[in-house]
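Peer 1: Letter by letter, the chains look like this.
Number of protein chains: 2
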Amino acid sequence: MSDVLIIGTVAFDTIETPFGKVEKALGGSATFASYAASFFSSPAVISVVGNDFPKDYVELLKKKDIDLEGLQVSGKTFHWDGSYEYDMNEAKTNKTELNSLENFKVKVPEKYKNIRNVFLANIDPEMQLETLKQVNRPDFVVLDTMNLWIKIKKKALIEVIKKTNVLLLNDGEARQLFDTVSLVKAANRALELGPKAVIIKKGEHGALLFTKNKHFSAPSYPLENIKDPTGCGDSFGGAFIGYLAKTKDLDEKNIRRAIIHGSVMASYNAEDFSLDRLKKLAMSDIENRYKEFQDIREF
Amino acid sequence: MSDVLIIGTVAFDTIETPFGKVEKALGGSATFASYAASFFSSPAVISVVGNDFPKDYVELLKKKDIDLEGLQVSGKTFHWDGSYEYDMNEAKTNKTELNSLENFKVKVPEKYKNIRNVFLANIDPEMQLETLKQVNRPDFVVLDTMNLWIKIKKKALIEVIKKTNVLLLNDGEARQLFDTVSLVKAANRALELGPKAVIIKKGEHGALLFTKNKHFSAPSYPLENIKDPTGCGDSFGGAFIGYLAKTKDLDEKNIRRAIIHGSVMASYNAEDFSLDRLKKLAMSDIENRYKEFQDIREF
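Read top to bottom, the protein sequences are chains A and B.
For the first sequence, position 6 matches number 132 in the working numbering, and the numbering has no gaps at all.
For the second sequence, position 37 matches number 163 in the working numbering, and the numbering has no gaps at all.
No lab work stands behind these hints: they were computed from the structure.
One should not assume that every hint holds.
Restricting the straight-line Cα-Cα distance to at most 30 Å, the calculated cross-link-like pairs of lysine-lysine (BS3-like) are [what the hints assert, rightly or not]:
#: 1; chain 1: A; residue 1: Lys406; chain 2: B; residue 2: Lys311
#: 2; chain 1: B; residue 1: Lys279; chain 2: B; residue 2: Lys322
#: 3; chain 1: B; residue 1: Lys379; chain 2: A; residue 2: Lys379
#: 4; chain 1: A; residue 1: Lys233; chain 2: A; residue 2: Lys147
#: 5; chain 1: B; residue 1: Lys417; chain 2: A; residue 2: Lys340
#: 6; chain 1: A; residue 1: Lys218; chain 2: B; residue 2: Lys218
#: 7; chain 1: A; residue 1: Lys322; chain 2: B; residue 2: Lys417
#: 8; chain 1: A; residue 1: Lys288; chain 2: A; residue 2: Lys231
#: 9; chain 1: A; residue 1: Lys277; chain 2: A; residue 2: Lys259
#: 10; chain 1: B; residue 1: Lys231; chain 2: A; residue 2: Lys311
#: 11; chain 1: B; residue 1: Lys259; chain 2: B; residue 2: Lys218
#: 12; chain 1: B; residue 1: Lys147; chain 2: A; residue 2: Lys311
#: 13; chain 1: B; residue 1: Lys233; chain 2: B; residue 2: Lys259
#: 14; chain 1: A; residue 1: Lys417; chain 2: B; residue 2: Lys338
#: 15; chain 1: A; residue 1: Lys147; chain 2: B; residue 2: Lys311
#: 16; chain 1: B; residue 1: Lys277; chain 2: B; residue 2: Lys237
#: 17; chain 1: B; residue 1: Lys417; chain 2: B; residue 2: Lys406
#: 18; chain 1: A; residue 1: Lys322; chain 2: A; residue 2: Lys417
#: 19; chain 1: B; residue 1: Lys338; chain 2: A; residue 2: Lys406
#: 20; chain 1: B; residue 1: Lys417; chain 2: A; residue 2: Lys311
#: 21; chain 1: A; residue 1: Lys338; chain 2: B; residue 2: Lys340
#: 22; chain 1: B; residue 1: Lys279; chain 2: B; residue 2: Lys150
#: 23; chain 1: B; residue 1: Lys259; chain 2: B; residue 2: Lys406
#: 24; chain 1: B; residue 1: Lys190; chain 2: B; residue 2: Lys338
#: 25; chain 1: B; residue 1: Lys406; chain 2: A; residue 2: Lys340
#: 26; chain 1: B; residue 1: Lys218; chain 2: A; residue 2: Lys311
#: 27; chain 1: B; residue 1: Lys150; chain 2: B; residue 2: Lys231
#: 28; chain 1: A; residue 1: Lys417; chain 2: B; residue 2: Lys150
#: 29; chain 1: A; residue 1: Lys406; chain 2: B; residue 2: Lys406
#: 30; chain 1: B; residue 1: Lys231; chain 2: B; residue 2: Lys288
#: 31; chain 1: A; residue 1: Lys417; chain 2: B; residue 2: Lys311
#: 32; chain 1: B; residue 1: Lys279; chain 2: A; residue 2: Lys218
#: 33; chain 1: A; residue 1: Lys311; chain 2: B; residue 2: Lys406
So that you can see chain A by itself, here it is in the shape it has in the complex (with noise of 0.2 Å):
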């Protein structure tokens, strides 16, 4: 039985950057989101894909005991094409072919209707609040998104966030949605909006959380090489979520904990390209790197 719940993309990836290329490679946020988290939980997706979507693809995901009865098939396989310059923070858009995401209609099977944890992975507002809508009420929500739908879709972003336990963001995306430069005043505001937890992303400089009373900063892990950034937030949001489905406390202190294994995740995510690091990752090496961000953090 599953216990994470993930709806966002399962695409293509064509990617380059100053270290490499790869050409259609696995990604998505919900294929990072729900292989993270399966180290911990037990993850089921729903999502589309394309006929021309490879069945390695699908085994890779299975083989993680990741369940796929809500991955629709139907024409061809979203396609982002993106590339990165040497300042690797931001990634630039060279094409994006949406195509089976463009009518994808949200349809939760029946046995996922009840799994307590609910991951919005970053995909169009409207598909979360619609899965939201079918589901029977969750008892924990975490909510990702993206710069995309902070610009053309924010209406719909606000009504998801109103209904989301734990909201996930850049820097600069919150920023551009509460239109303040000042972080602590832009997670003020998401926090007045409902969530009781508001964790802001910033890449090589860590992440913070904001709660009603409290504020937490993660360090971010001194990683030499970076080969490609792609599916760093998706895998910190699925390794966050699968952490605390796991351990089931979902108290402030445990959510600390759940940042640092999502930052876990996320920095060897980004040691390759597509899911070329996760795929090799121990459980030993995830225990390894926990305590590495323990030390260099501690005074």
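Starting from the structure of chain A, add chain B where the hints point.
Peer 2: Quick look at chain B alone, frame taken from chain A:
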């Protein structure tokens, strides 16, 4: 007897930020650094001001027992005119009048020559080198600089770095000096030049410490209102060396604590223009914020 020698600028700062404007306020790297250091130790300053330098400003420093025997008086005071946009990470220089700084000849007073800790605050690296030439070999040298010197006096700067125990840089400077986007690589190259430790200041993102085998990530303080970031790096450096001079412990663990004291001072400094916040600061304020830094980092 002073225990921290500080060379740097003492200046008039004319500054505009989105939150206000000051004209010819007390500024300069040696000013912020010595004032911050004075909370922990007894600083002695080497710098130059003009005949137009107000007695009030001198009194402000003397009240903190800062030794000003090395403060020469000649011509007109160095004047920096700068402004910040909403993103206050970088200052825009509108005008720089070097005035008496232009022909400043470093002369270390006899009674300063045996001071064991030296902070080469931001000033022309040739003046920093000259200071080191005139003092008797100190135990501990900390160096700060800025992008201008990396651009126009890189050779002299590299010479000073070789004579330094701890190098302070902000992230942009680190990337510029070692021509890499990776802060880890930049830090490693800096360590190869001789310093035992490199501290990369990242403003609102905290600070990183790199030593041969260890890494420390200091959180930033989540300030809701930043009025003026001018002097934050200098007060960071001053509090850092002041704390180490007081505690007389150069172990990596104590360097971490010194970095947090630097961060505490920098966070207060940003809350108002010039020394306006620091001059109201009590030791208990420093201790309370230090505890907050511990809390925002715990997991």
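Peer 1: Each hint should be assessed against the structure and marked as holding or not.
Peer 2: Results of checking the hints against the structure:
{"no.": "1", "hint": "A:Lys406 - B:Lys311", "verdict": "holds, 25 Å"}
{"no.": "2", "hint": "B:Lys279 - B:Lys322", "verdict": "holds, 23 Å"}
{"no.": "3", "hint": "B:Lys379 - A:Lys379", "verdict": "holds, 25 Å"}
{"no.": "4", "hint": "A:Lys233 - A:Lys147", "verdict": "violated, 34 Å"}
{"no.": "5", "hint": "B:Lys417 - A:Lys340", "verdict": "holds, 13 Å"}
{"no.": "6", "hint": "A:Lys218 - B:Lys218", "verdict": "holds, 28 Å"}
{"no.": "7", "hint": "A:Lys322 - B:Lys417", "verdict": "holds, 24 Å"}
{"no.": "8", "hint": "A:Lys288 - A:Lys231", "verdict": "holds, 22 Å"}
{"no.": "9", "hint": "A:Lys277 - A:Lys259", "verdict": "holds, 24 Å"}
{"no.": "10", "hint": "B:Lys231 - A:Lys311", "verdict": "violated, 47 Å"}
{"no.": "11", "hint": "B:Lys259 - B:Lys218", "verdict": "violated, 33 Å"}
{"no.": "12", "hint": "B:Lys147 - A:Lys311", "verdict": "holds, 23 Å"}
{"no.": "13", "hint": "B:Lys233 - B:Lys259", "verdict": "holds, 10 Å"}
{"no.": "14", "hint": "A:Lys417 - B:Lys338", "verdict": "holds, 19 Å"}
{"no.": "15", "hint": "A:Lys147 - B:Lys311", "verdict": "holds, 23 Å"}
{"no.": "16", "hint": "B:Lys277 - B:Lys237", "verdict": "violated, 34 Å"}
{"no.": "17", "hint": "B:Lys417 - B:Lys406", "verdict": "holds, 19 Å"}
{"no.": "18", "hint": "A:Lys322 - A:Lys417", "verdict": "holds, 27 Å"}
{"no.": "19", "hint": "B:Lys338 - A:Lys406", "verdict": "holds, 29 Å"}
{"no.": "20", "hint": "B:Lys417 - A:Lys311", "verdict": "holds, 22 Å"}
{"no.": "21", "hint": "A:Lys338 - B:Lys340", "verdict": "violated, 34 Å"}
{"no.": "22", "hint": "B:Lys279 - B:Lys150", "verdict": "holds, 28 Å"}
{"no.": "23", "hint": "B:Lys259 - B:Lys406", "verdict": "violated, 37 Å"}
{"no.": "24", "hint": "B:Lys190 - B:Lys338", "verdict": "violated, 36 Å"}
{"no.": "25", "hint": "B:Lys406 - A:Lys340", "verdict": "holds, 26 Å"}
{"no.": "26", "hint": "B:Lys218 - A:Lys311", "verdict": "holds, 25 Å"}
{"no.": "27", "hint": "B:Lys150 - B:Lys231", "verdict": "holds, 24 Å"}
{"no.": "28", "hint": "A:Lys417 - B:Lys150", "verdict": "violated, 49 Å"}
{"no.": "29", "hint": "A:Lys406 - B:Lys406", "verdict": "violated, 55 Å"}
{"no.": "30", "hint": "B:Lys231 - B:Lys288", "verdict": "holds, 22 Å"}
{"no.": "31", "hint": "A:Lys417 - B:Lys311", "verdict": "holds, 22 Å"}
{"no.": "32", "hint": "B:Lys279 - A:Lys218", "verdict": "violated, 35 Å"}
{"no.": "33", "hint": "A:Lys311 - B:Lys406", "verdict": "holds, 25 Å"}
Hint compliance for this structure: hints 4, 10, 11, 16, 21, 23, 24, 28, 29, 32 are broken, all remaining hints hold.
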